[in-house]
Amino acid sequence: MTELLLDDALTAGRALAAGEITPVELVDAQLARIDAQDPGIGAYISVRHDAARAEARTLTAELAAGRSRGPLHGVPVALKDSIHVGGEVTTLGSRTHRDFVAPHDATVVTRLRAAGCVILGKLQMNEYAWGVTGDNPWYGPARNPRVLGTLAGGSSGGSAAAVAGHLAFAALGADAAGSIRLPAAVCGVVGLKPTHGLVPTHGDVPLAPTLGCLGPLTRSVADNAAVLGALTGRTYRSSGGPPLVIGVEEEHLLAGVGKRVAELFHAVVGKPGWEVLPVSVPALRDASWATSTIALAEAAAIHHRTLQERPQDISLPVRLNLQLGEIVSAVDYLEALRVRELVRADLDRALGEVDVILAPTLPSPGLSLRGDLTALLVPANLTGHPALTVPVGEIDGQPVGVQVIGRHHDEETVYRAGQALTAPGS
Amino acid sequence: MDDLVRELLLSRGIPVTEGEAEVLAERHRALRELRPPSPGPEEWAGD
Chain A
1 MTELLLDDAL TAGRALAAGE ITPVELVDAQ LARIDAQDPG IGAYISVRHD AARAEARTLT
61 AELAAGRSRG PLHGVPVALK DSIHVGGEVT TLGSRTHRDF VAPHDATVVT RLRAAGCVIL
121 GKLQMNEYAW GVTGDNPWYG PARNPRVLGT LAGGSSGGSA AAVAGHLAFA ALGADAAGSI
181 RLPAAVCGVV GLKPTHGLVP THGDVPLAPT LGCLGPLTRS VADNAAVLGA LTGRTYRSSG
241 GPPLVIGVEE EHLLAGVGKR VAELFHAVVG KPGWEVLPVS VPALRDASWA TSTIALAEAA
301 AIHHRTLQER PQDISLPVRL NLQLGEIVSA VDYLEALRVR ELVRADLDRA LGEVDVILAP
361 TLPSPGLSLR GDLTALLVPA NLTGHPALTV PVGEIDGQPV GVQVIGRHHD EETVYRAGQA
421 LTAPGS
Chain B
1 MDDLVRELLL SRGIPVTEGE AEVLAERHRA LRELRPPSPG PEEWAGD
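One line per chain: the protein sequences are A and B, in this order.
Oh and the first sequence: position 384 is 384 in the numbering used here, straight run, nothing missing.
Oh and the second sequence: position 21 is 21 in the numbering used here, straight run, nothing missing.
One chain only, chain A, in its complex shape (with noise of 0.2 Å):
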């Protein structure tokens, strides 16, 4: 049963169709771990012991009828806790909504059910899903279980916590500026920004809608591939098809990286076998200005009425970007959509020479707060394309993450590109 815990989500699932172990057992043997884990990792905000237990039973009893959901029919998950299950409380990692209800399930929520997960509760995330540490003043910190005492990574840090700690077989973050990508490349886990609009928002309360998507955080690519067919209802292979064409952008995707992570990046780039080609994307030089500026300006739309009436109930890190974002122009934000625009198209040029660009998903191993950390990030945010990142090895123990940038709707290809980096021998 251990040993279960430590695998991925569609070995469960295939053991939960063999009759190996039934989806009440493994939610047991989960919860279990929680209990025991989390109080020295810190990924969960509440835990629902009481309801996964009725859902795994639900699901326990159409297995034993023959009726499976799908391959991961009974395999636990767990969400940001941004996202709304109906009738219980949606913090947004925050002190203002410690007791906010969620009116309805998330739409993704309702179709994770559909798909036969079990919702084992809701994850920390930093404050309105505003920081790239992983901490929380309210809630305390995620750790990184795979390196220990150092934080996970935000803003999606209980995500990657809660998947690199073996506490839940796959989870939902969202990702408005790198929220998915980065925990997820500290914690040395597979997580994917898709495609703007391709997974439905309704349900999670956002940082910067036109900028953020929820997608999956997962151990395995091939895991992520699944939870995204149970978000979207379509199929994602993660191998086979045609050899891939890779562009790599030297100016602005391997500005600022670390000698030893770029070192790590063009050694894993060299490996699988495919054609490498030099791309060129000279409008990405304002992607980080267009991006906090649209950031600034729609997080404050979100939450004004919460900074006019309690800013003693936020913390003075995201208080103050609040602030900042009242005072971005409607010009500004006018011209950041008009640079998004100019970015979005020089990289679909791009993408027309090449099947996905590749890129170190941080410049620096672990969680180094020097620097521009979501610099590499952003560019994915501001123009809608899917990327993905996985990790392809560690520097002095720290997990070090590659970006798999594609066209918009082609996860397929970026899935099979993330699978080729981290298959054995590559």
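Since the hints were made in silico from the structure, they are not lab data.
To give an idea of the chain A side of the interface with chain B (calculated C-beta under 10 Å), a few residues:
{"#": "1", "residue": "His304"}
{"#": "2", "residue": "Glu309"}
{"#": "3", "residue": "Leu324"}
{"#": "4", "residue": "Asp332"}
Don't be surprised by glycine CBs; every beta carbon is placed ideally from N, CA and C.
Position chain B against the provided structure of chain A, taking the given hints into account.
Same frame as chain A, but now just chain B:
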């Protein structure tokens, strides 16, 4: 600039201290420095 920031936020019903206004003015300036030059109107023609 600090006073302008403070006045603007207070006019929008958002409490702000003098110290916060100082920090915000500096961050606003830093953000503006990253802003690309504004194009002429012909750039908005969509070509």
